[in-house]
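Protein chains in written order, with my numbering: chain D, 1 to 422; chain U, 1001 to 1101; chain C, 2001 to 2196; chain B, 3001 to 3302.
In short, the hints are calculated from the structure, not lab data.
These figures come from a predicted structure and were not determined experimentally.
All C-beta atoms, glycine included, are put in the ideal place defined by N, C-alpha and C.
Treat the hints loosely; a few may be bogus.
As the list claims (entries may be wrong) - To give an idea of the chain B side of the interface with chain D (calculated C-beta under 7 Å), a few residues:
#1 Leu3050
#2 Ile3126
#3 Ser3167
#4 Leu3168
#5 Gly3204
#6 Glu3209
#7 Ser3211
As the list claims (entries may be wrong) - Not close to chain C: a few residues of chain B, all C-beta gaps over 10 Å, as computed:
#8 Asp3023
#9 Gln3053
#10 Ala3077
#11 Pro3087
#12 Val3099
#13 Leu3100
#14 Gly3102
#15 Val3110
#16 Leu3136
#17 Met3139
#18 Pro3179
#19 Leu3182
#20 Ala3213
#21 Ala3258
#22 Val3300
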Amino acid sequence: MAMSLLGRFAARAPVPVFPAVGRDGEVRLDVLSLAPALRVVDSPRHASILLVSGDIRTADRDSLARVHDQLAHPRATLWWGTQPRADTGAALTVAAAESPETALRDLYRRLLTGGHTSETHWLADEPPNPWRGRGDHGQGGEGMMGGVPYGRMMPMPPTPDLRDGLALDVYTAQFGPFLPQLPPGLVLEITLQGDVIQSAAVVRPPFLPGRDASAPFDRVLHEATPVAAIERARAAHHLRCVARLLGILQLAPQAARCRRTALKIERGGSIDLAPLRKTLRRAGAFAAIPAGLGPIDAAWAAELGGPAARAADQARDRRETAPAYRNLDFRTLCQSGGDVRARFTQWLDEAEQALALARAAGDAAIEKGAPVETPWGHRAPPSVYRLTDMLPGLEWGEALLTIASFDAAAVCRMAPLGIENP
Amino acid sequence: MTLTALLLVAAALIGIGLYGALSQQSFVMLMMGLELMLNGVLLAAVGFWSLAAGGAPAGQLLVIITMAVMAVEMAVGFALIAAVYRNRQADMTESLDTMKH
Amino acid sequence: MVFWVFSAVAVVAGWRVFCTDSMVRASFLLLVSFIAVGAIMLLLNAPYLGFATIFMMGVEMMVMALFMVMFMMNPAGLNPMMMVHQHRFSIAAGAAAFVGLAIAIFTTGFPHDPVAAGRPVIHDLGRELLGPSMLIFESAGVTLLATMVASVILSSRSGRFGAADEGSVPPPLEPGGEPAGRRPDDEGGGHAHHHH
Amino acid sequence: MTLLIASWIAVLLFGAWCVAVLDNLALALIERRSAAGALTAPLYGAAALLRQQQNRTEAPDLLNWKLAPALYLGLAAAGVAVVPLAPGDILADLQAGIVLWGAVEALTVVVVFLHGWSANSMLALIGAYRYVAIGLPVMLLSMFVLIAAALPAESLAVSAIVESQRSLWNVVRQPLGLPLFLLLGLSLSFRGPFNYADSADLAGGTAAEVSGASRLLWEFARLAMLAAVAAMASTVFLGGYLGPVLPGPLWLLLKTAALLIVLVAASHLFARLSPARMLTLLWVVLLPLAFVDLLWAGVVAL
Chain D
1 MAMSLLGRFA
11 ARAPVPVFPA
21 VGRDGEVRLD
31 VLSLAPALRV
41 VDSPRHASIL
51 LVSGDIRTAD
61 RDSLARVHDQ
71 LAHPRATLWW
81 GTQPRADTGA
91 ALTVAAAESP
101 ETALRDLYRR
111 LLTGGHTSET
121 HWLADEPPNP
131 WRGRGDHGQG
141 GEGMMGGVPY
151 GRMMPMPPTP
161 DLRDGLALDV
171 YTAQFGPFLP
181 QLPPGLVLEI
191 TLQGDVIQSA
201 AVVRPPFLPG
211 RDASAPFDRV
221 LHEATPVAAI
231 ERARAAHHLR
241 CVARLLGILQ
251 LAPQAARCRR
261 TALKIERGGS
271 IDLAPLRKTL
281 RRAGAFAAIP
291 AGLGPIDAAW
301 AAELGGPAAR
311 AADQARDRRE
321 TAPAYRNLDF
331 RTLCQSGGDV
341 RARFTQWLDE
351 AEQALALARA
361 AGDAAIEKGA
371 PVETPWGHRA
381 PPSVYRLTDM
391 LPGLEWGEAL
401 LTIASFDAAA
411 VCRMAPLGIE
421 NP
Chain U
1001 MTLTALLLVA
1011 AALIGIGLYG
1021 ALSQQSFVML
1031 MMGLELMLNG
1041 VLLAAVGFWS
1051 LAAGGAPAGQ
1061 LLVIITMAVM
1071 AVEMAVGFAL
1081 IAAVYRNRQA
1091 DMTESLDTMK
1101 H
Chain C
2001 MVFWVFSAVA
2011 VVAGWRVFCT
2021 DSMVRASFLL
2031 LVSFIAVGAI
2041 MLLLNAPYLG
2051 FATIFMMGVE
2061 MMVMALFMVM
2071 FMMNPAGLNP
2081 MMMVHQHRFS
2091 IAAGAAAFVG
2101 LAIAIFTTGF
2111 PHDPVAAGRP
2121 VIHDLGRELL
2131 GPSMLIFESA
2141 GVTLLATMVA
2151 SVILSSRSGR
2161 FGAADEGSVP
2171 PPLEPGGEPA
2181 GRRPDDEGGG
2191 HAHHHH
Chain B
3001 MTLLIASWIA
3011 VLLFGAWCVA
3021 VLDNLALALI
3031 ERRSAAGALT
3041 APLYGAAALL
3051 RQQQNRTEAP
3061 DLLNWKLAPA
3071 LYLGLAAAGV
3081 AVVPLAPGDI
3091 LADLQAGIVL
3101 WGAVEALTVV
3111 VVFLHGWSAN
3121 SMLALIGAYR
3131 YVAIGLPVML
3141 LSMFVLIAAA
3151 LPAESLAVSA
3161 IVESQRSLWN
3171 VVRQPLGLPL
3181 FLLLGLSLSF
3191 RGPFNYADSA
3201 DLAGGTAAEV
3211 SGASRLLWEF
3221 ARLAMLAAVA
3231 AMASTVFLGG
3241 YLGPVLPGPL
3251 WLLLKTAALL
3261 IVLVAASHLF
3271 ARLSPARMLT
3281 LLWVVLLPLA
3291 FVDLLWAGVV
3301 AL
């Protein structure tokens, strides 16, 4: 009795959901995260429902299973717009076009009141790496210096000096593809000394901008598209990028407000971004990003293109010459810094400008097949400039800020799968 | 709680501390031994002050000075360890087997 | 009774410090020992000294744990850690110290003069520190200042005679073996290493 | 005495609930959405955590991991115990009440470190280390501030500090004290700009691997700790139970609530600096400010 009462109480709490974002799953998750009945959490340990949003690569299936097994009982999985795992039996699915909000609520209620049994492990419950060698814990060592636990000798391994000559023990681990603070799909193998990144290598590249984000821009290929629609999509994209960065700065409510604003913009609302900007300035969001963090030079910027290039003073924008923008008094906006703060400011500036353009455009349209400036840079080919070269020496939070300051296309080009640190 | 019992506990702490300070190879563990001995000293001093000296203020002063000594020992100890570590990349007493590097 | 519980905690925790495999556990066991002694001080009508011991040692042991993890080669306690030298001698010395002190305790007659209940001990201490014993107290302060300066100089990398890690050689894996680990001299070469 | 113990438990429970409600309201206000259900949300959330099973990581230090949340709550409770509710109505009327607070602060750093360390998990461990680096200097400056507040009372007892404010509150006497002490509050419960232990970039930091009842206890302790700091701050700087017309405990409640609103607002309105920059700020700007506060208090007391 007491248990069922507790269950009924618990069912009225926001549904704790851990999202595993696959290909094309990011934007719709951003929208879903605004639902008051849900709470999108950062750690699978805090969640009761695993929401798989978008297609999972074959290479990520093991990671997904590992994340699933970390959820505490009672737990369940909901597949949103993707094929469920073959061996999961009666899997719960929701089509990509639908919102899974009610399905999640219902599933959570049944989970807590006993209507839905908690899922068992997908993987065998054993350590991912077998313990090697001897010792009480099978760790392979004996005595202070003896043995080679986990395949590494005991004295400090050779590590480059990053700070003050006091080398600390290093730790290597893979991060991603479902770590919410990294771009979806990106798996990095990072070696850390404390919270300072020693070296990083790409294990799996991130996804290119998803279908939801690029649809308005792809539309131009098939039909004439209103300038207003394009610019609204741009503003929404930039605000979502800003939101990701704000999350790392510990500004969750402000990030949610950005996402909410982005959604309103997509739905055609007329919004003044000045108050949001003021809130962010008062919160110290600009000042909290260290000056000169994650700089890119002119050649690098030219290769990336898009807002990242304009944030490094490369005044290149297709809209300057586009006929549809001729009467709109378009002026390319630039920042001079080329660092994380400049890219952050650039996104906000461009979002504001895009909204102004959308208002001024009336029913001006971009004709079918005309070149259109996307909200990100060039999508291909892999760049000679590597994300992994930027990270060594940065503190964990700064490294995340640096990665989050690039749009998906830029990260994708700078983090190709290949030989790192030749 | 008698003074004798209290002093016995303090003596036990000092004994264990001495064992640690003499036996440990790591500098930090060695310092733990010293700290444990000083812990015993603190206990004995407060015991004397409280049960045998009628609360004479100078007894508390002694404890405060002992605490200052502990702080000095910690600070200088860790500074020395940092210096040794820079030079030998180890905090083992055995690593200091020569006077020069 | 309470006294005996705290005493047992203090002694057992102090002993376990040298038996555990983990650095962090070792320093926090020592902290437990200090907290127990602080609690005994509270029983002995020394509120200021008791709390001050707990709070000072909390900070000290935290710093100690960090230093242990930074400098030790086996911080997590995965390998059995028995890093001792002259072990038997140390045990004998420790035991001898205890026995000697115990004999001294039992053979000495101590006066019985407990603190009067309600005596303003903290007030007394303040008066003493800034009154008759001002000079001692102040010299302790100056010593602490000197310690701060000295420890910064000792631990900094740049020194009067060049960098502190000049010519630094890492320890070998076995006694007398080849040095293993990082050598500050040939820096830069280590960048290609990855540990999987 | 029974009444005192009852009110002590009530302060912890009610204080934590208040902070949780204020959090919900602040989030709704900043996000510009409706704040419906803010009053009951903490209770439902607690029920949800109770229904969740506890988990285990690979080879954790189980004793410390399970103990840390309880110890943290115990520290918050010890902090509240020295706050006088009315003249003479104080659960632990200690001669050295302020020093007990110092011990609470120091041990909080230890407990949070243990919580992150014992999970045997990467991000939790980083959170633990970061918290020690930030927590120690913050604790240091709060000690200066507390000593300064004890100066006019010529006593380390909290009740004497309240009585010394009959003529003038310490917040007027030592204007730097209260803001610096509130920073300590954010740091002790690691919130917002001082969230270095359980931060968003670490996916929850020391609590990243915790679920179920352990997590409930941990989050409850965080909220209770903030309430404890607010109660202590209103006692030491705003005259505690002193005030005209209304009864003493009510005044204490009002002042604590006002401080809680300030603390909760500050924890959602400001961005977090990177740990290295926060350390510089602490040692170079805030610690000297605490010195100035102490010096000021000394000169005024003379």
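Comparing the hints with the structure gives:
no., hint, in the structure
1, Leu3050, "holds, 6 Å"
2, Ile3126, "holds, 5 Å"
3, Ser3167, "violated, 37 Å"
4, Leu3168, "violated, 33 Å"
5, Gly3204, "holds, 5 Å"
6, Glu3209, "holds, 5 Å"
7, Ser3211, "holds, 4 Å"
8, Asp3023, "holds, 29 Å"
9, Gln3053, "holds, 27 Å"
10, Ala3077, "holds, 16 Å"
11, Pro3087, "holds, 20 Å"
12, Val3099, "violated, 4 Å"
13, Leu3100, "violated, 5 Å"
14, Gly3102, "violated, 4 Å"
15, Val3110, "violated, 5 Å"
16, Leu3136, "violated, 6 Å"
17, Met3139, "violated, 7 Å"
18, Pro3179, "holds, 23 Å"
19, Leu3182, "holds, 21 Å"
20, Ala3213, "holds, 24 Å"
21, Ala3258, "holds, 29 Å"
22, Val3300, "holds, 18 Å"
In this structure, the hints that do not hold are numbers 3, 4, 12, 13, 14, 15, 16, 17, in rising order.
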